[in-house]
Amino acid sequence: GAVVSQHPSRVICKSGTSVKIECRSLDFQATTMFWYRQFPKKSLMLMATSNEGSKATYEQGVEKDKFLINHASLTLSTLTVTSAHPEDSSFYICSASQGKNTEAFFGQGTRLTVV
Amino acid sequence: KQEVTQIPAALSVPEGENLVLNCSFTDSAIYNLQWFRQDPGKGLTSLLLIQSSQREQTSGRLNASLDKSSGRSTLYIAASQPGDSATYLCAVRRDSGGYQKVTFGIGTKLQVIP
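Each protein sequence line maps, in turn, to chains A and B.
Quick note on my numbering: the first sequence kicks off at 1 and runs consecutively.
Quick note on my numbering: the second sequence kicks off at 116 and runs consecutively.
These are computed hints drawn from the structure, not numbers from a lab.
Ideal placement from N, C-alpha and C gives every residue a C-beta, glycine not left out.
Incorrect hints may have been included.
Said to hold, decoys possible - Selected chain B positions facing chain A (Cβ under 7 Å, derived; list incomplete):
hint, residue
1, Leu126
2, Gly158
3, Leu159
4, Leu164
5, Ser168
6, Tyr191
7, Gln215
8, Val217
As the list claims (entries may be wrong) - Coverage of chain B stretches by chain A, computed from C-beta distances (three or more under 8 Å per stretch; other residues unrestricted):
hint, segment
9, 146-157
10, 218-229
Stated by the list, open to error - No more than 25 Å apart at the CA atoms, straight line, and that leaves these computed lysine-lysine pairs for DSS-like:
hint, chain 1, residue 1, chain 2, residue 2
11, A, Lys66, A, Lys41
12, B, Lys216, A, Lys20
13, A, Lys55, A, Lys14
14, A, Lys42, B, Lys116
15, A, Lys20, B, Lys157
16, B, Lys183, B, Lys216
17, A, Lys42, B, Lys224
18, B, Lys157, B, Lys224
19, B, Lys216, A, Lys42
20, A, Lys64, B, Lys224
21, A, Lys14, A, Lys66
22, B, Lys116, A, Lys20
23, B, Lys116, A, Lys41
24, B, Lys157, B, Lys216
25, A, Lys55, B, Lys224
26, B, Lys157, A, Lys14
27, B, Lys157, A, Lys55
28, A, Lys41, B, Lys157
29, B, Lys216, A, Lys41
30, A, Lys55, B, Lys216
31, B, Lys183, A, Lys64
32, A, Lys66, B, Lys216
If we strip away everything but chain A, and leave its shape as in the complex, we get (with noise of 0.2 Å):
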């Protein structure tokens, strides 16, 4: 299958600072990445769609300008948690598909812990 790259896989900071991880399609063009959280014993929740080329679209609930998505390019989507507090401590998932009826292949994750 497609490889999605995922980075870092775990990163620690201060509260207050802000975190960007980067979600990568190694050998494929992905239109469309989702991201990801989840918390512990709980199903995956979607935080945001985005479109390469387009502002993400956020579900609702999720901080627009607390967890920035940014998809400049085919291959690369970013999400920033800025000013990171400790509640959100988690683990961050993206995943990238080609088009709407293809398969969505995902990142390793990125164990996020904010001291």
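Fit chain B to the given chain A structure using the hints.
Chain B alone, transformed into the frame defined by chain A:
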């Protein structure tokens, strides 16, 4: 609003058994349904993708079926192995207000006992 339910939440079986995991969804207007496995602390690995026009897909010991009209899918695992131990997630993809949306179930945690 799409809701995806997976039953059972957890399952423990002896090695060699065949098993079935269930997934149901409330809105049948989907593009596709995809089954994943997730190992602890890891990302997701895609297992099978079924388009809305298809009824089943097979890969090795795995077989997934889709009954879109009734909002159900099953994942059948034949001759289970300890390496199959993981959490299995199903996800449905659909159009929502002009953009794509993927909704996941909470998963079934499978343990295969040697």
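Under the criterion of a CB-CB separation shorter than 7 Å, is Val217 of chain B in contact with chain A as hinted?
Cβ of Val217 of chain B sits 6 Å from chain A, so the hint holds.
Can the restraint linking Lys157 of chain B and Lys216 of chain B be considered satisfied, given a maximum Cα separation of 25 Å?
Judged against 25 Å, a Cα distance of about 22 Å means the pair holds.
25 Å limit on alpha-carbon distance, applied to hinted pair Lys14 of chain A and Lys66 of chain A:
holds (16 Å)
Is the straight-line distance between the alpha-carbon of Lys20 of chain A and that of Lys157 of chain B 25 Å or less?
This hinted pair holds, its Cα atoms lying about 19 Å apart.
Is the coverage entry for the segment 218-229 of chain B by chain A consistent with the three-residue Cβ rule at 8 Å?
holds (count 5)
Could you grab the alpha-carbon distance between Lys42 of chain A and Lys116 of chain B and see if it respects the 25 Å cut-off?
holds (18 Å)
Under the criterion of a CB-CB separation shorter than 7 Å, is Gly158 of chain B in contact with chain A as hinted?
This hint holds: Gly158 of chain B lies near chain A, its Cβ roughly 4 Å from the closest one there, short of 7 Å.
Would the hint linking Lys216 of chain B and Lys41 of chain A be met if the CA-CA limit is 25 Å?
Since the Cα atoms of Lys216 of chain B and Lys41 of chain A sit roughly 22 Å apart, the hinted pair holds (cutoff 25 Å).
Would you check whether Gln215 of chain B satisfies its interface hint, that is, whether its CB is within less than 7 Å of any CB in chain A?
This interface hint holds because 6 Å falls under the 7 Å limit.
Holds or violated: are the alpha carbons of Lys116 of chain B and Lys41 of chain A at most 25 Å from each other?
holds (22 Å)
Does Lys42 of chain A sit within 25 Å of Lys216 of chain B, going by the straight-line distance between their CA atoms?
holds (18 Å)
Please work out if Lys55 of chain A and Lys224 of chain B have their alpha carbons no farther apart than 25 Å.
Given pair Lys55 of chain A, Lys224 of chain B is violated - Cα atoms ~36 Å apart, limit 25 Å.
Checked against the numbered hints above, the structure breaks hints 1, 5, 6, 13, 20, 22, 25, 27 and 31 and satisfies the rest.
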